[in-house]
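Residue numbers (the numbering used here), protein chains in the order written: chain L, 7 to 320; chain E, 7 to 320; chain G, 7 to 320; chain Z, 7 to 320; chain H, 7 to 320; chain D, 7 to 320.
These are computed hints drawn from the structure, not numbers from a lab. One should not assume that every hint holds.
If chains are identical, the list can't say which one is meant, so a pair holds when it fits in one copy or spans any two.
Pairs of lysine to aspartate or glutamate residues, derived as DMTMM-like cross-links and limited to a Cα-Cα distance of at most 25 Å, are as follows [as the list claims (entries may be wrong)]:
#	residue 1	residue 2
1	K166	D23
2	K209	E117
3	K28	D167
4	K147	D70
5	K283	E210
6	K83	E222
7	K288	E125
8	K231	E125
9	K83	E233
10	K87	E117
11	K9	E146
12	K22	D70
13	K239	E63
14	K22	E203
15	K22	E106
16	K231	E43
17	K83	E188
18	K211	E117
19	K89	D23
20	K28	D70
21	K166	E106
22	K22	E117
23	K239	E81
24	K122	E210
25	K83	D220
26	K28	E105
Protein chains: 6
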Amino acid sequence: MDKFSYLLPANAAGFKDRYVTKVTECISHYSTGIRGEIGLIGLPFSKSSISHSQAGEAPNTIRDCLSNITTYSGEWKMDFKDKMIVDFGNVAIHPINTEESLSRIYTSIKEIIDSKSCERYIMLGGDHGVSFPSIRAFQEKFGTIGVLQWDAHHDVRNLKDGGRTNGTPFRSLLEGRFVNGEHLVQIGIRDFSNSQEYHGYTKEKGITVYNMADVEQEGIVPLVKQEVERLSKEVDFIYLSVDMDVVDQAFAPGCPAIGPGGVTSRELLGSVAEAAKHKKVKALDIVEIDPSRDFRDMTSRLAAHVMLRFMYIK
Amino acid sequence: MDKFSYLLPANAAGFKDRYVTKVTECISHYSTGIRGEIGLIGLPFSKSSISHSQAGEAPNTIRDCLSNITTYSGEWKMDFKDKMIVDFGNVAIHPINTEESLSRIYTSIKEIIDSKSCERYIMLGGDHGVSFPSIRAFQEKFGTIGVLQWDAHHDVRNLKDGGRTNGTPFRSLLEGRFVNGEHLVQIGIRDFSNSQEYHGYTKEKGITVYNMADVEQEGIVPLVKQEVERLSKEVDFIYLSVDMDVVDQAFAPGCPAIGPGGVTSRELLGSVAEAAKHKKVKALDIVEIDPSRDFRDMTSRLAAHVMLRFMYIK
Amino acid sequence: MDKFSYLLPANAAGFKDRYVTKVTECISHYSTGIRGEIGLIGLPFSKSSISHSQAGEAPNTIRDCLSNITTYSGEWKMDFKDKMIVDFGNVAIHPINTEESLSRIYTSIKEIIDSKSCERYIMLGGDHGVSFPSIRAFQEKFGTIGVLQWDAHHDVRNLKDGGRTNGTPFRSLLEGRFVNGEHLVQIGIRDFSNSQEYHGYTKEKGITVYNMADVEQEGIVPLVKQEVERLSKEVDFIYLSVDMDVVDQAFAPGCPAIGPGGVTSRELLGSVAEAAKHKKVKALDIVEIDPSRDFRDMTSRLAAHVMLRFMYIK
Amino acid sequence: MDKFSYLLPANAAGFKDRYVTKVTECISHYSTGIRGEIGLIGLPFSKSSISHSQAGEAPNTIRDCLSNITTYSGEWKMDFKDKMIVDFGNVAIHPINTEESLSRIYTSIKEIIDSKSCERYIMLGGDHGVSFPSIRAFQEKFGTIGVLQWDAHHDVRNLKDGGRTNGTPFRSLLEGRFVNGEHLVQIGIRDFSNSQEYHGYTKEKGITVYNMADVEQEGIVPLVKQEVERLSKEVDFIYLSVDMDVVDQAFAPGCPAIGPGGVTSRELLGSVAEAAKHKKVKALDIVEIDPSRDFRDMTSRLAAHVMLRFMYIK
Amino acid sequence: MDKFSYLLPANAAGFKDRYVTKVTECISHYSTGIRGEIGLIGLPFSKSSISHSQAGEAPNTIRDCLSNITTYSGEWKMDFKDKMIVDFGNVAIHPINTEESLSRIYTSIKEIIDSKSCERYIMLGGDHGVSFPSIRAFQEKFGTIGVLQWDAHHDVRNLKDGGRTNGTPFRSLLEGRFVNGEHLVQIGIRDFSNSQEYHGYTKEKGITVYNMADVEQEGIVPLVKQEVERLSKEVDFIYLSVDMDVVDQAFAPGCPAIGPGGVTSRELLGSVAEAAKHKKVKALDIVEIDPSRDFRDMTSRLAAHVMLRFMYIK
Amino acid sequence: MDKFSYLLPANAAGFKDRYVTKVTECISHYSTGIRGEIGLIGLPFSKSSISHSQAGEAPNTIRDCLSNITTYSGEWKMDFKDKMIVDFGNVAIHPINTEESLSRIYTSIKEIIDSKSCERYIMLGGDHGVSFPSIRAFQEKFGTIGVLQWDAHHDVRNLKDGGRTNGTPFRSLLEGRFVNGEHLVQIGIRDFSNSQEYHGYTKEKGITVYNMADVEQEGIVPLVKQEVERLSKEVDFIYLSVDMDVVDQAFAPGCPAIGPGGVTSRELLGSVAEAAKHKKVKALDIVEIDPSRDFRDMTSRLAAHVMLRFMYIK
Ligand SMILES: [Ca+2]
Ligand SMILES: [Ca+2]
Ligand SMILES: [Ca+2]
Ligand SMILES: [Ca+2]
Ligand SMILES: [Ca+2]
Ligand SMILES: [Ca+2]
Ligand SMILES: [Ca+2]
Ligand SMILES: [Ca+2]
Ligand SMILES: [Ca+2]
Ligand SMILES: [Ca+2]
Ligand SMILES: [Ca+2]
Ligand SMILES: [Ca+2]
């Protein structure tokens, strides 16, 4: 708007300090031929949630939080302002047909991978139902896949009682043979939040489960480090799936299924950063944030920092 | 994003009905050579408020409300989807220097008028302090100006006790001879919300004042009709300034200075629509909404409907 | 709990005045052979909503409001404590399959009618999507049906763009020939909330539409009276469908699609009471309340009073 | 604080316009020998409430609202800044012993009347339980007393089921012969909020009852005018008791027992102003506001305006 | 409801996974002859609170939280779905007479113990005032009693200044010789939350006090273990009294007297689980949660997990 | 109010326990000749904030929190009720002129120091902009000054882009040579919250910076102890500046710039207590709390406890 002295686009930040770069400034919308290090995709889908959820609003809320976060790490003395992030926008969700929506997510992620424009990908959910089509798409494109799942819950419910809800993504992935049980690691599983049957199912399928007692005793960072190393020898590609309800309700008050006794913010950030260091780790999803129930976007802001620990590696 | 089957830009509405046009779809960002019927300018300025106010957030909140409002009037059986609205964005406000900010508003509005791209203008405040530079700019461009002010308050405070706050815009306009007292009409002035001195000042300057008792007895629509007719004979240009606190707290709970005994939503919408019919009415500002204190954006949504009654005339 | 001196069931009201009867005390859960004047059915379904909605929580919230409302009308000097209300509970909604859920609603209402236990029925939604299976079931059981719809919206969207959402129930009813356009009356339709195409559709189908200007000019009570009389000559059965967003946002702040310029609480209560007087009026649904967004259950409490005006007739 | 250039007491308003007087500036704390027109007493008592209530916080919240209200009426062109208000503070309530608290209220009001420092009195509750000791004290000091009660409820519950709760003050006054049934007028009684037994009791005792249908048909102002005139011939002293739940929930969202279909703000303010004109009207209580459940102190602000209509008479 | 295909009772959970058992499913309402391991009693009493409190609503809120918690511990690999919980309901509280209410609590607990239907008991408060009649009843039935009190406060205020408030239960128990000072252990006492006099009183009476500095240095679990062992040699029966304000405000934001510097959720859960292991530990009360001031029932949910750690022992 | 048996001043606490002293009871308003140990000054200034902030309301909110905090430390077995606190009130802030406001703060603090009435001073902000005039005033009165700054941010932004905002106080102090870079210590600086340029600036100026990784590794208490010792040898006077956003968002949810990964409440309280032990530490400011965005005044309450750790030293 060159002919106007002071006009800014609506929604632009009102104040700009010339010496500060915000993460938002490093994001470009996708256009043909663009190349970036990180691809960002919003999956505003929450109609598969068993309980009411507006998790579908989270992709935009998390993006908004990036406008208050800078690109500089004082601890590492590194500025990441040159890392380009390509935003592919949000997958258009069908208002009522969940199978159609899951299919659109699957197709979109495959098309995005096919664009070969980025090296790593971040999927912003949505409820945990999005991980089934997302992980499936990556598996089909990249080969054997290992998955680290931060979660209070196993998410291996039977499909008969309610169809493909947000309680079933890993069941669907295992049954469809997109992921092998030995290549799935669940971290932060909480007592009195799951059932004996489903715990039994994880054992039967060879899933590696670390509950909160394990996390407290062994430390979440060493535990993640060891599993990433193990997986890296067995798979072609590692995918991180972060269900924010792994975090204690005091630190992540905006998840649909909040509860006490979970991991702290620091434990989540430290462990994701540890995993992100490995070259085979190439995709991340963040799910189960309902901004309408959060307090001052605390949970979305924490999610934005999870993104940073994945994107900005030492 | 042609190569992707289902991707929408972040923040785009997820669902589109092919037979429904939302007001937002009729808005174009300014670009050189563009022509439209309505020019829209955001004035995100609220640091001149005597009490704490985040009215500076209202321009974007009101814009957001337009995405849920359609262009069709069933009462008039008219669709306004062909009326183009040009959005000039927001004036960049200085973080702490209010005189500088007032000056930027003044300059920006002059530059926008100079672009000759629109026929009518809507300024979205901000606090009422924005009306001083805005009305001054219009006066200097268009000649003698008449002003209809919907407000619970006279806004003619002395300038010594606090400088050019949001309690002073009409004092500044009168003292600067940008508006003549005979050409200022105040509607909806409320008891126990003003002082004897300032009421005296309005009398002395020849301002026409209608308090709530007048509104109840005469009806707000006939009263506005009569004043627009009178003004139209005396001035070159009529400017509407709507301080949303003219409305009762039950209908506009998000104003900084809410109170009981004000006009209803219908009275506000009806009277603005009546004024907007006259050809000399060419500018509107809407001020004093603090979205951070509103309930479900009720007050911003009402403001969006005020915009419509000004834009879409029978 | 005869052996305990002071124990009450959990969730029972702590205080009971022997001379006051609350509506809740007149409600019995369905059991075989029971007879009552009013049948109450909850339809906790809101996954067909275009925008996020927790309207599925409303049936229980409205029921809770009945525990603070008494059975006595001082205006009529009548006590209705002997009118028995049979609560059939809530239809079990499928977590993700909306067609399945609509089918369960349809089947349940037919089964309830078949039980022949009640004279009139109240369906508590849920979003407006529930009216399609509900009205269809009544039509199939009782013959030609007339519908009075209180609503800001026509709800005749096309079915292609999103399937059978809460914007489509009357389209589905008309296309399926369950309701004849001449037998559908829409009251309180609001400007800038609908589209020209759909307004055209209502004309084409012969639907009678009263917009807010009509309501203001003719008065909602006479208008309803006249239409009930007309319909009663043409149909076997009259069904009232109350979308609470017909009410102004100041009086019903908990609807998903709130807006200014709607009817007042008194206009809603008075007009439902007027309609309920007619013997052919035998069913009522109340929809589009999202308790999670309401203020102190205002909208559910108003809905509970709508129930009363339907149940308790002079 | 003469030696400091800019210091103000903590809690003082930060900004003062030399030409504006706020009601707060006209309030003096009681000291021996002081004389004023209005005496103000806080009764922060709500442990007699049947349902949970923090109405005990209202006296201070209402006082706070006076700091944003001026002394000038533009409608009457009168400034009331010379009317002195004497604030006697709040009665110390016993933490758990309600009979002791009622007794302290009774004693305090008698002592205040004995101080002969004021002409009229305003009691700020608290729940409606405060009216029993308050009215009793006035009766014992001033002779035969007439009471106008704005209320959705009769408040004549039996004393056996829960003792002297906020549902019983007028029962206690009648049984104790402090008020004669013929001298009690109830205005705004609402349907489905009372019981047949208690309605019968009001008839038996000769209480005059105007329900909402009466208010709608006759108009609240003429109705109040007529009753004040009648009472003035029969009693020595008239006491106004305003239970804020007489107001519709949209206008007074902070009462414990909110509901739809009540009077509007304007109806309340107009009718209190009408009553206050009469010389025999010398006391006012305002009760049943729970600030913890209000929205932006709307209900307390309305109560402050009720005070003004009582204090500032033409 | 056998004749209906899809109907569920109102308030029933909408979705049931056949392989998951919720704690709620293990609860039966008391009926004659019933036997269970845990007896549950609600004490919805908060009128003894010095400050305003709606703690009386907590018993039902905590019960509601149990519907989202399962019976399975993955850490112990144990499912507790066969432990039967008998719900005796809530004690009917008198609306205004606190001594009467305390007496009803005392009588009810004695009657429940006399029913000999359960092995352990959980009392859900209510404010801390409920512990006086509750502990007294257990002492009179079971002999010498030891009490572990988790609390930020000593709760030994004098009885003259306000009677038997929620600040006095342990004073009442000591003065009445129901508990011996040597058998009372206070854990988590916080600085700047008590007074020198009352600290002196605890010393004088021989109460064992662990403040937050002790908790930080020695660890809450070893400290509880050691005291349970000591007490078990000296008493017949151990009672746990958990005032939730022992927890830091970040983890338990819904207590009336929140503050910083308290124990974490994990410290509370771990220490209650440690105590619950001992066979002499047979009763638990949980008090001082005001659901109306909580955020998303965080504090009630934490309380529900405290219940689990007491009920479900390895 | 000797002639009245039960009256308390409005706003007085309703209940007083004779054996408990609240901090509020130890506060006297300034009057000539008064002497105290602690001087308290409110700086209700937040118009220099880059983002919207009502931090100007914090001084009064923090004071209110002191009414629920006692003077007794059980850990130290010390009662501080004899430490007199002198409250100088709040500096009158100009409604719109920030330079004028900064100048008034500067002048007021100098005048207060000149009154020689206190030994230590607590300044309650307001935004961090207040520290520039405050520290400057102390420096000019007391000589070489050392500053410990708890903060997530460096606050050394350039002055050209927005003037003297709350992002610049330490830049202003360094450029004005009021503080020497070697005498400024920043604790708790957070990653992705600052920029490379400004980090470089701190290095260049010789500022000592401890980021969160340092805090985690070395422990905040030893680190503060070591820096206070170092500074005490180089300066005449040590000033503590506590920006509450150094605390994690879970523990201090009311700061304008909240974020995850900060210090805990205990880390803040422990480290301030450690610093306060040194005799040269004589001033404290607490800034960046916006009470309008807090949850139940958690952040102000934590700030009140920071005051206590500074005032009440072993
Ligand atoms: Ca999950
Ligand atoms: Ca989960
Ligand atoms: Ca104004
Ligand atoms: Ca105004
Ligand atoms: Ca509808
Ligand atoms: Ca509608
Ligand atoms: Ca009453
Ligand atoms: Ca009432
Ligand atoms: Ca306690
Ligand atoms: Ca306590
Ligand atoms: Ca800072
Ligand atoms: Ca900071």
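Here's how the hints hold up against the structure:
{"no.": "1", "hint": "K166 <-> D23", "result": "between (55 Å within a copy, 9 Å between copies)"}
{"no.": "2", "hint": "K209 <-> E117", "result": "neither (35 Å within a copy, 44 Å between copies)"}
{"no.": "3", "hint": "K28 <-> D167", "result": "between (46 Å within a copy, 16 Å between copies)"}
{"no.": "4", "hint": "K147 <-> D70", "result": "neither (30 Å within a copy, 39 Å between copies)"}
{"no.": "5", "hint": "K283 <-> E210", "result": "neither (31 Å within a copy, 31 Å between copies)"}
{"no.": "6", "hint": "K83 <-> E222", "result": "between (30 Å within a copy, 17 Å between copies)"}
{"no.": "7", "hint": "K288 <-> E125", "result": "within (7 Å within a copy, 53 Å between copies)"}
{"no.": "8", "hint": "K231 <-> E125", "result": "within (22 Å within a copy, 46 Å between copies)"}
{"no.": "9", "hint": "K83 <-> E233", "result": "between (28 Å within a copy, 23 Å between copies)"}
{"no.": "10", "hint": "K87 <-> E117", "result": "neither (27 Å within a copy, 35 Å between copies)"}
{"no.": "11", "hint": "K9 <-> E146", "result": "between (51 Å within a copy, 20 Å between copies)"}
{"no.": "12", "hint": "K22 <-> D70", "result": "both (16 Å within a copy, 23 Å between copies)"}
{"no.": "13", "hint": "K239 <-> E63", "result": "neither (37 Å within a copy, 49 Å between copies)"}
{"no.": "14", "hint": "K22 <-> E203", "result": "between (55 Å within a copy, 14 Å between copies)"}
{"no.": "15", "hint": "K22 <-> E106", "result": "between (42 Å within a copy, 16 Å between copies)"}
{"no.": "16", "hint": "K231 <-> E43", "result": "within (23 Å within a copy, 44 Å between copies)"}
{"no.": "17", "hint": "K83 <-> E188", "result": "between (38 Å within a copy, 20 Å between copies)"}
{"no.": "18", "hint": "K211 <-> E117", "result": "neither (31 Å within a copy, 43 Å between copies)"}
{"no.": "19", "hint": "K89 <-> D23", "result": "within (20 Å within a copy, 38 Å between copies)"}
{"no.": "20", "hint": "K28 <-> D70", "result": "both (11 Å within a copy, 24 Å between copies)"}
{"no.": "21", "hint": "K166 <-> E106", "result": "both (19 Å within a copy, 14 Å between copies)"}
{"no.": "22", "hint": "K22 <-> E117", "result": "between (36 Å within a copy, 22 Å between copies)"}
{"no.": "23", "hint": "K239 <-> E81", "result": "neither (30 Å within a copy, 29 Å between copies)"}
{"no.": "24", "hint": "K122 <-> E210", "result": "neither (37 Å within a copy, 43 Å between copies)"}
{"no.": "25", "hint": "K83 <-> D220", "result": "between (33 Å within a copy, 13 Å between copies)"}
{"no.": "26", "hint": "K28 <-> E105", "result": "neither (37 Å within a copy, 28 Å between copies)"}
Consistency with the previously given hints fails for numbers 2, 4, 5, 10, 13, 18, 23, 24, 26, ordered from lowest to highest.
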